[in-house]
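Colleague: Which chain is which? The protein sequence lines are B, H, Y and C, in order.
Quick note: the first sequence, position 92, residue 92 per the numbering used here, numbers continuous.
Quick note: the second sequence, position 90, residue 90 per the numbering used here, numbers continuous.
Quick note: the third sequence, position 15, residue 15 per the numbering used here, numbers continuous.
Quick note: the fourth sequence, position 123, residue 123 per the numbering used here, numbers continuous.
The set of hints was computed from the structure by calculation and includes no laboratory data.
Since we're looking at a predicted model, the values are computed, not measured.
Just so you know, even glycine gets a beta-carbon here, dropped at the ideal spot from N, CA and C.
Accuracy of the hints is not assured; some may be wrong.
[To be verified] Pairs of lysine-lysine residues, derived as DSSO-like cross-links and limited to a Cα-Cα distance of at most 27 Å, are as follows:
{"#": "1", "chain 1": "H", "residue 1": "107", "chain 2": "B", "residue 2": "104"}
{"#": "2", "chain 1": "Y", "residue 1": "104", "chain 2": "C", "residue 2": "64"}
{"#": "3", "chain 1": "Y", "residue 1": "104", "chain 2": "B", "residue 2": "64"}
{"#": "4", "chain 1": "C", "residue 1": "64", "chain 2": "H", "residue 2": "64"}
{"#": "5", "chain 1": "Y", "residue 1": "64", "chain 2": "C", "residue 2": "104"}
{"#": "6", "chain 1": "B", "residue 1": "64", "chain 2": "H", "residue 2": "104"}
[Said to hold, decoys possible] Over the 10 Å line for every Cβ pair with chain C, so calculated as not near, a few chain H residues:
{"#": "7", "residue": "17"}
{"#": "8", "residue": "21"}
{"#": "9", "residue": "23"}
{"#": "10", "residue": "27"}
{"#": "11", "residue": "32"}
{"#": "12", "residue": "59"}
{"#": "13", "residue": "71"}
{"#": "14", "residue": "96"}
{"#": "15", "residue": "100"}
{"#": "16", "residue": "106"}
{"#": "17", "residue": "114"}
[What the hints assert, rightly or not] Residues from chain Y that face chain C, not an exhaustive set, calculated with beta carbons under 7 Å:
{"#": "18", "residue": "45"}
{"#": "19", "residue": "119"}
{"#": "20", "residue": "121"}
Number of protein chains: 4
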Amino acid sequence: MEPCSGPGTLSAMDVTQEQQALREFAAERNWDQFHTPKNLAMALAGEAGELVALFQWLTPEQSKRIMDTTEAEQVRDELADVLIYALRLADVLDVDLSTALQDKVAKNHARYSIERSRDNAAKM
Amino acid sequence: MEPCSGPGTLSAMDVTQEQQALREFAAERNWDQFHTPKNLAMALAGEAGELVALFQWLTPEQSKRIMDTTEAEQVRDELADVLIYALRLADVLDVDLSTALQDKVAKNHARYSIERSRDNAAKM
Amino acid sequence: MEPCSGPGTLSAMDVTQEQQALREFAAERNWDQFHTPKNLAMALAGEAGELVALFQWLTPEQSKRIMDTTEAEQVRDELADVLIYALRLADVLDVDLSTALQDKVAKNHARYSIERSRDNAAKM
Amino acid sequence: MEPCSGPGTLSAMDVTQEQQALREFAAERNWDQFHTPKNLAMALAGEAGELVALFQWLTPEQSKRIMDTTEAEQVRDELADVLIYALRLADVLDVDLSTALQDKVAKNHARYSIERSRDNAAKM
Chain B
1 MEPCSGPGTL SAMDVTQEQQ ALREFAAERN WDQFHTPKNL AMALAGEAGE LVALFQWLTP
61 EQSKRIMDTT EAEQVRDELA DVLIYALRLA DVLDVDLSTA LQDKVAKNHA RYSIERSRDN
121 AAKM
Chain H
1 MEPCSGPGTL SAMDVTQEQQ ALREFAAERN WDQFHTPKNL AMALAGEAGE LVALFQWLTP
61 EQSKRIMDTT EAEQVRDELA DVLIYALRLA DVLDVDLSTA LQDKVAKNHA RYSIERSRDN
121 AAKM
Chain Y
1 MEPCSGPGTL SAMDVTQEQQ ALREFAAERN WDQFHTPKNL AMALAGEAGE LVALFQWLTP
61 EQSKRIMDTT EAEQVRDELA DVLIYALRLA DVLDVDLSTA LQDKVAKNHA RYSIERSRDN
121 AAKM
Chain C
1 MEPCSGPGTL SAMDVTQEQQ ALREFAAERN WDQFHTPKNL AMALAGEAGE LVALFQWLTP
61 EQSKRIMDTT EAEQVRDELA DVLIYALRLA DVLDVDLSTA LQDKVAKNHA RYSIERSRDN
121 AAKM
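Looking at chain B on its own, in the form it has when it is part of the complex:
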């Protein structure tokens, strides 16, 4: 194993590995016919809907303790499903997810100055 050269490289390598595994999983089952970008975006939205449903009747305080309840495993699974479909979608679109993340974070830094954004909720 080679030494690693920094966070960017590690990130790219890791995302690539997970995507490779998911790609093989789909290919072995002949699922590429289903995994169009359109369909994967729908699947991601469906999983995000399942995730939000786990929190819908909880108070903000209760939501902080959800991992101490019987819902914990479902929360982990739904979070993983969201991530799985995000990785798959990025893969079939040939989007570098790590770079996309860095670029969006940079935009957010430019858009939400600390002064103007303090205590002021905004979309990240």
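Please build the complex by placing chains H, Y and C on the supplied structure of chain B, with the hints as guidance.
Modeller: Frame of chain B, contents of chains H, Y and C only:
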């Protein structure tokens, strides 16, 4: 820099780094008051909705070429936003996202045998 | 005001009228090519995402007063958009929305007895 | 059949009746504590996610025939659930859903001229 010991470690390190950066971004703006698990799950669902909307009128074939259109930057940004909120949500819930991903993939392997799942669409 | 011939009839008539108007709106623009059930379900999910985003950083108490804020018009518009796509989707699928509603409400009555459901959040 | 005093009135009356029934259903179970606007918007997003998931792997053509499959009842139920939460949300926010719908349709007419919108997909 230390040599890296394997994919699991790299993955954990990287996710941790991104989460650390996002945590600081939120803390500097005093946004922890907004970033309850409930609210972050809502934000993730909202971003997933924006992502799915980019694909809603496209044919499956058109969706494969979306990165060659003027929508490409929006697709990258929305994918990044989904990832950002997934990372933040996992962070505030103290869920190890890499492990959650591995565990869900293992479940999927057990649940969707190659034989039974060939050409048979199913939720990953 | 004239007496009307009954809630069931009125309901069906009204939904039918709105659907007829939306159907013509789409047909005049040659939008039937876009309004497949799949695409309309995506559009509905997208609008639901926009709606939930309006509430994402609000406390429960703040959410009760959202119609007194500058977000009021957006809330009305997003609610209307959700309804528009629900009506369109039901129309292209030839689902009688009023009957579907009645049937689901009847299921909910059977499923959530008053005794067992008191103070016990559940999905309607 | 008796003459009725106009579509607007009928619509308002009907929506009001359904909302009244849902309001009583919630009140009998002491669910008003859960039915904040924020929570109802989440519930609506969750149901929209379930609905979109029913279509995620279907081709556009398959989606047109979904009511001839074993998924038909689920489609009806999810459509009804979306409508139920839209009605509840409008009710707790004191939004007149019929008027909101009319107003949005009027906006759409102004925004999407027949000439400019022909064959040109746009959000309704």
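Colleague: Now, for every hint given, state plainly whether the structure supports it.
Modeller: So, going through the hints one by one against the coordinates:
Restraint check: the Cα-Cα separation between residue 107 of chain H and residue 104 of chain B comes to about 32 Å, which exceeds 27 Å; the hinted pair is violated. Distance check on the hinted pair: residue 104 of chain Y and residue 64 of chain C sit about 22 Å apart at the alpha-carbon level, within 27 Å; holds. A hinted pair counts as satisfied when its Cα atoms are at most 27 Å apart, and residue 104 of chain Y with residue 64 of chain B does not qualify at roughly 32 Å. Using a Cα cut-off of 27 Å, the hinted pair residue 64 of chain C and residue 64 of chain H holds, with the two alpha carbons roughly 22 Å apart.
Taking the CA atoms of residue 64 of chain Y and residue 104 of chain C, the gap is near 22 Å; set against the 27 Å cutoff, the hint holds. Between residue 64 of chain B and residue 104 of chain H, the direct Cα distance comes to roughly 22 Å. Compliance with the 27 Å bound is thereby established for this hinted pair. Residue placement check: residue 17 of chain H keeps its beta carbon more than 10 Å from all beta carbons of chain C (closest about 30 Å). Every CB of chain C is more than 10 Å from the CB of residue 21 of chain H (nearest about 28 Å), matching its label as outside the interface.
Every CB of chain C lies more than 10 Å from the CB of residue 23 of chain H, the least distance being 24 Å, so the non-interface label holds. Against chain C, the non-interface label of residue 27 of chain H holds: every CB pair exceeds 10 Å, the least being about 24 Å. Under the 10 Å C-beta cut-off, the non-interface status given to residue 32 of chain H relative to chain C holds; the minimum distance is some 19 Å. Residue-level check failed: residue 59 of chain H sits 7 Å from the nearest beta carbon of chain C, not beyond 10 Å.
Separation of residue 71 of chain H from chain C is adequate, the least Cβ-Cβ distance of about 12 Å exceeding the 10 Å criterion. Every CB of chain C lies more than 10 Å from the CB of residue 96 of chain H, the least distance being 25 Å, so the non-interface label holds. The beta carbon of residue 100 of chain H sits about 19 Å from the closest Cβ of chain C, which is more than 10 Å, so the claim that it is off the interface holds. At roughly 22 Å from the closest C-beta of chain C, the C-beta of residue 106 of chain H stays outside 10 Å, upholding its exclusion from the interface.
Interface exclusion of residue 114 of chain H from chain C stands, the closest Cβ pair being 18 Å apart, more than 10 Å. For residue 45 of chain Y, the shortest C-beta to C-beta distance to chain C is roughly 4 Å, which falls under 7 Å, so the interface hint holds. Hint status for residue 119 of chain Y: holds, given a least beta-carbon distance of 5 Å to chain C, under 7 Å. Annotation: residue 121 of chain Y was flagged as interfacial toward chain C, and the flag holds, the nearest CB pair being 5 Å apart, inside 7 Å.
Comparing the model with each numbered hint stated earlier shows that hints 1, 3, 12 do not hold.
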